[in-house]
Each structure stands twice: as C-alpha cells, then as structure tokens.
Amino acid sequence: MDDTDHPVVESGKDLLRFLTCGSVDDGKSSLIGRLLHDSRLIFEDQLSALARDSVRHGTLGDQIDFALLVDGLEAEREQGITIDVAYRFFTTAKRSFIVADTPGHEQYTRNMATGASNADLAIVLIDARKGVLVQTRRHSLICSLLGLRHVVVAVNKIDLVSYQADTFDRIVVEYNAFASRLGFSSIMPIPISARYGDNITSRSEATPWYRGPVLLDYLETVDVETEALAKPFRFPVQWVNRPNADFRGYAGTLVSGTINTGDPVVVAGSGRTTSVKQLLAYEGPQTSAEAGDAVTITLEDDVDIGRGDLLAGPADRPEVSDQFAAHIIWMSDQKLMPGRSYLARIGTRTTPITVTGIKYRIDVNTGNHLAANTLGLNDIAFCNLATGAPVAFDPYDQNRKTGSFIMIDRLSNHTLGAGMIAFGLRRGTNIHWQATLIGKSERATQKRQRPAIIWLTGLSASGKSTIANMVERALHAGGYHTMLLDGDNLRHGLNRDLGFTEADRVENIRRVGEVAKLMTDAGLIVLCSFISPYRAEREMVRGLVADGEFIEVFVDTPIEECARRDPKGLYAKAKAGTIKNFTGFDAPYEIPQSPEIHLRTIGQQPEQLAEQLLRTLAELGIAG
Amino acid sequence: MDTSASRTGVHQRKLPKQLRRLEAESIEIMREVIAEFKRPVMLYSIGKDSSVMLHLAIKAFHPAPLPFPLLHVDTTWKFREMIMFRDETVRRLGVDLLVHTNQEGLARGVGPIVSGSSVHTQVMKTEALKQALDLHGFDAAFGGARRDEEVSRAKERIFSFRSQGHVWDPRNQRPELWSLFNARIRPGESIRVFPLSNWTELDIWHYIMLEDISVVPLYFAKPRPVIRRDGTWIMVDDDRLPLAPGERPEMRFVRFRTLGCYPLTGAIDSGATTPEAILTETRSARASERQGRLIDGDETASMEKKKREGYF
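Chains A and B supply the protein sequences, listed in that same order.
Adding 868 to a residue's 1-based position in the first sequence gives its number in the working numbering.
Adding 1481 to a residue's 1-based position in the second sequence gives its number in the working numbering.
Certain hints may be false.
[To be verified] Sample of chain A residues lacking proximity to chain B, with all beta carbon distances greater than 10 Å (derived):
id	residue
1	Pro1182
2	Asp1389
3	Lys1448
4	Arg1483
[Unchecked claim] Just some of the chain A residues that point at chain B, by a computed CB distance under 10 Å:
id	residue
5	Leu941
6	Thr1164
7	Arg1175
8	Leu1284
Hints in this document: simulated from the structure, not taken from any laboratory.
No residue lacks a Cβ here, since even glycine has one placed at the ideal position from N, Cα and C.
The task is simple: from the sequences and hints, build the whole structure.
Printed below as a string of structure tokens:
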C-alpha cells in the first residue's frame, strides 16, 4: 500500500508465512487486526463495516473490536471466538506476508494445525495476566512437530499488568524452560498490547525496559530461509501428461533441490535409473528448475512411472519402506484404532495404512510419554505404521513435503489425522517378499476351483454359523475344497488373547483376514462366520484379496429376533449388564452398504437361505 | 494466448519470485484436480480472476489441451462487453464453453431490478449454478475466488467440500495440511477448488501486466454513460435499466474493479487505462475491491450465507 513504490519493481521482496496461535482470548485475532490497521491496510468501507459490527458483536463496548476483521464466520461473530483459520495478506516496503489466524480452543486444534502446516514462523500469544497455559504448550508442541523453527512469544495485554517488566520476565523464563526441548532455533519474546498498539508497529513509551525489536520490524527482517534449494532433488509425479502417442511427460512440482536437463534421475520405488530429456514449461524447454517450480519432465528412457512415484537424484535417494515410525496428530472424534485400515496420502500417492502400535502418547502439558491403546481427538502420539505397499519418503525434519502424510477414513472420506515421519523401520526395509514357485492359481487349478472368501457378517444369533455350515456341507458334497473359520472357535486359539473392546475386535478381524487370505492362496474356498461389526475391517479384508474374491454376505436378522432366539443366553446377560461391549446392545454394528449377498432371514428357513447363497455363488462363477 | 507447443529454443522465465510461487501453487492445485476427479469443470465468470485462472490452466496442462470445459452461468444481465469478450476468448483459445441460464427463473421474470439483488442472485446465480453442476454431473468445480476478497472467503479451504445439495458447512471443514489435499468424495458430493486462494488483487493485476493477459475492456477507464445510485456509479448498459424522472445518464471517465450483473455493479471514477495505471491506483485505494458489489452489502455475513447455499 506504499504508493511511493513503483508497481513493476517489487520482484525482490520475499514472502513470510506466519501464524498466530495460543490460548483462547489471548488476543490473536485482535493482534492481526491491529497489525493491518496500523500498517494502514484496512480499507475505508471495511473500517466502517467494522465500526458497525463492533457495536453489534464487539466485546469492547464502544471501541473498535479488531478481532471482527478476521473472525469472518457468522458463528464466530456471534460467539466472539475463532473457529477456523483465516488467511490475511499484507505487504510492507520490505516483505509480503501471509498470516494464518488460528483458533485457540482445544476443540478446533485441527484448524490450528492446518494453519501451522505451511507456516515458517509462529507468533505464540500469551495473556500477561494468565501466563503460560495448556493451550500455549499444546500449540508450541504442534508448531515444533510441524517443523516450525522460529517463534515470537508475544506477551499480550501488557497494559493490564501495568507494563511491569518482572511479569514479562517471569513469563519468558517459564516459556523458555518448557520450550527448550522443542528444538526451536529462535525464540523472540516481545511485550505488546494488541488493543493499544504497544510495540507492534512502533516502540512503546510505556515499556522503556524493553530493548528488543518491535513486532513488525522483527517480522520484516527475521531470517527463516529453509534452504529447500540445498536439499536433495525430489519430484513427486503428480499427473502423466500424454496428449498423443509421441509425448509422455511427468507433471509435478519440485519439492526440494534443483534439476538440469541431462541430469540422471532414479525412480525411488523401483530403483530404475534414467535421465532428464526435457524440462518443459509453457514458455518452452528450460535448462533447469528449482524447488517450488511446477514443470513437466520428459525422460530419456521409457520407464513405467505413474502418479504417486517419486523421482530423486541417484546419489541421494529417499528411504523406501512399508513400515515407519511417525508422530501423529489425531483430529477426529472417531478414535484411532491400531490395526484398522485407513487411507494415507503421502506425496502424490494414496495407499492403505495401519497403525501397528502406539509407542506413546505425549502429555502436552508435561511432555511426558504415556501409554495408550487408542487415540482420541487432539491426541499427539508417536506410532509405528505399515502401508499397503512400499512408499518413498524422507524424515519430516529433513523434508516437510516428502515426510508428511494425512490419514483418511475409508468410508466417510474425512481427514482424520496428520503424520510426520521420523524414520523407516528396519523390519520393513529388510524383510522382502519371498516368491514361491507354485502360485495361488496353480494350487487352485489343481483343485479345479476358484478360491474365494465368503464372509458372513451379522449380529450374534443372526444365523451366520448355521448357514455357513450348511453351505460348506453342500460345497464339500459337490467336490469343492473348503474351510470354515468361525469366530468362537478362533477365539479358543489364535485369538485367545483378545477381548471385545473396539481395538481387540479390530485386531481379531485383522488376524482372521490374514488367515483367510493364506487359505485362498492355498486355493481354498473359505467360509468365514464373524459378527465383524465394523465396515472398515470388512473392507480391509476385501482389500487383502483380488477383485471378486471377497463375497460379503449380510445375514440380516433384526436384533429383537436375535434376542428372542438367544441360543447362548448372551442377550440375557447383556441386558442384565453382566457382559459389556455386546454388539447391537452397547457396541455398534455397522450395516453393510452394498454386500454381494443380502440374506433377509425373517420368514425363511436356514435351508432356503443356504440355497439362496449357493445360487448366488453359482452366478458369481465360484461354485456350482 | 498461443496454445501451440511448437515453440523452440530456451525461453527462461522472468516473473518475480513471489508471482512465480503463486503461479506454481495454482498449477499444482489444478493438476491435483485432473488427477483425482472424473468430471471437473472450470467456472468462468469472465472477470479478471477468471482470465488469470484460465491462463494458468492452459499452462498447467500444456502441451495437452485444456482437459475440462468452462462453465458460464449467465444471468442475462451481464455487461454486453463481457459476453463479447467471453465469446471472443473461447474462439481464440479453442476451449469448450458451456453456458447455463436458469430458464425457470427467466420464465418467472426474475431479474435484478424487479426482484431485487438478493432474489436475483439466489435464483439466477446460485440456483442456476447448482442446476448446471447437477445436469452435467461435475464432481469438482474450479472457482476464481481469492481469500483477500472477503472475510468468509478468507476462511475457506483450497479444496472445499460440498455435501449432497452443494451445501458448505463452514463450521466443520476438513483439515487441510501442507499441500496434501483430500479429494475423496462419495457419489453426489463434490469439491469446489480455489486455485487463486492466496493471490491478492495486486498480484492479479501485476500478473496480468507481466503475462500480457487479455481482460474485459470494462476494467480500463473510458467515458461511459452512468447514473449515480446508492453512492456509486451504475452504467446504463442497455435500455432495461429504468430511469427515475429527471435521472439522466452522464458520460464520466470510469472503470470497474469487479464485474457482475451491470445493475448491481458500481464503477469508480478513474483515469487508469492500462494495467500499470491500475496497479498504481489499486495501491493507493482507500476502498476495498468488492465495495462496488451491491450484492455483498445486505449484511456483513451475507457472503457466507450465499456460499452455504451453494454460491461460489
């Protein structure tokens, strides 16, 4: 907004992305409003709207409430809080800024993490009257895990403690003591008042004891260079551009390093080496490209590459593994279950992912490591994970772009968590698949059948086992090679260490799925009779075998009917409260959305239902 | 814009670093969409942001042709020069354009003058847009909105999820970390994608100038017939604008900072006839870009309300 500056020559200016964070009511939004206002970056019509809104929604009586400049959602204005991150843009003579104003409430931590993930610097606000709070620590920890290395500790509302130096000093000492293990390379404490503008754009006369920089000067000059150029070349292939038979280019953005025409590159997953033929931009071929550039690369050799592959320099390759350890920030009310199959986005690749173990949860207040079986909303933990196929990555502290991932629910598609990879696990990198000479198809051909998993799911006493037994007997009589896995029977052996909590049910089905898969490898038709209440696990088993080999059979009996039959007396016990986590009672059953076979049992005899199942198997070409 | 791939020789880029980063970010977002969705579409509003977005899209997929159509929701009240520019642009670039008008609204006689701005916008823009998206089954739609335009836009994700019925739930947006966009949806759901999220009005004009991008001539000052209404200049673009007794259009040197339906879009006094002059003028402006948009002013949260109902 400096009109002295000629429009064309601002090319030298760099960009600083920062966020404001800290606890509720520490004045984050007010600070941004104040920064924009004092930098003369608020337009007249916006100011008059602000004055109008301050009367209606403001929390400061007649005064202008600068927070309303950024709290743009209706619900935020009504409640006087920040719910989601807002992005504001401003430019001074020295720098351009993108500010992410993030919410302080613990409930909206995911939105704070969203704002922090792309920032280079954090302003952590602390209310001078309240000092360091749990949210101050939580946000500082998240900033640290997300790789931010520069922090401004803005001790706000210094006017409300009579501009006392000792209050400021005490807070700084307390913050530093706790932040010393977070690995920040710079921590700059500044006493401010967002409401009155002290030490924001100009030095306050009320704090003569403070000799450090004022906030805006500091933001304009702090060096946060991340040296993305000096890091090894990494290029996640985003999209294969193939407009005709003569052109095949790999479109993507260099996330680190530089590349020149003619340079050798390696496809990280396969290890295949080739070299760069052309670096194509719209303007024409380029001699080189650097971190941040979006280009299209053509290669000298015809190699098999698609979306999700990572190109790297042969001398400095990323790790490739299907198991690694990572920090996870969990962002969903739905608990993280070890063993449950989620989807992960790592670079441009989407792959199934499972937490194989939670090593520890971090107590955000003390930094202590706690044991945990599951993770809840806003928990931060260090975990071991396994992906469906090997992926290429770098540790997050070396490369934010190739070391990060998000976790997505397979059914709702919600983003559930964010991960920062620490290191690959050796058991993943060194255990290779041992190819066998006789394969699944040879084994199945010898038995003259198509292997399959026939998965019966439904409530306890719905009739699964009865039907499964009849079907197996019919198949056996017809000369098929079969096996029947039954929930109760497996819990006597393989799964006898498991209970009925959600986490144990997930692990129960994971083991059953792996066993059933081995049996299809042996060429068998495997009948599985399990309550298997969660869709995610049934889908996980489906994902273990080839398309068409998993036949989901929903044995659909209303719970009232099951409770009436109650052959094992379990419903009675559940009603009496003597057994817990009973499906359909005090534990959920997620109905299959599109099962291959839907057996409605009311008014049908088990023989008829088995008949119906066998007919469908015949139609699917599996038996009969 | 020449879209041929036949250029030879090495032509190194000359953009300033910040615009280069913004350009690359937008291109990355667009490529993500084409890699993840089955039927994307680009909303083309004919304005300066649409011109920049289209320019970036052609760069993103070069040397392939644009892999999706453009969609213009025509309220039948756009400036005549906008429609001329639209048709000329489509011809020059050889891209596919779909034009959709809410025929049912048209038949009911809905318009900005008789129905008022809010009903007109709801029926002829929001409803029309939803009709068009449903009609073609688009699962992703690019929009040229920028976060610096308006407070509720400042809160929106780059990949902004819409449930069935195109509803936006601003209180429950998907977390969006790094550039790992979650593009997964179920049937009937869709994503609105905003590749220009991090651009500012100044960035747009700076880029238009350096890349020599064509925009509708209405952005540049020249003498135009206008009348004074609600503290702004309304251009008399055709004879559908009723004049009050004694109200007489005068010729003034004006230009538009944003473009919409002509009876709802105010002009500003200006002598800026080039992108350079616009940049200088914008730098010293004391009013925000959307001040001339009468549809925003009804109440402060009116943009959020429109967006929740499906407006871009």
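In rising order, the numbers of the hints this structure does not comply with: none
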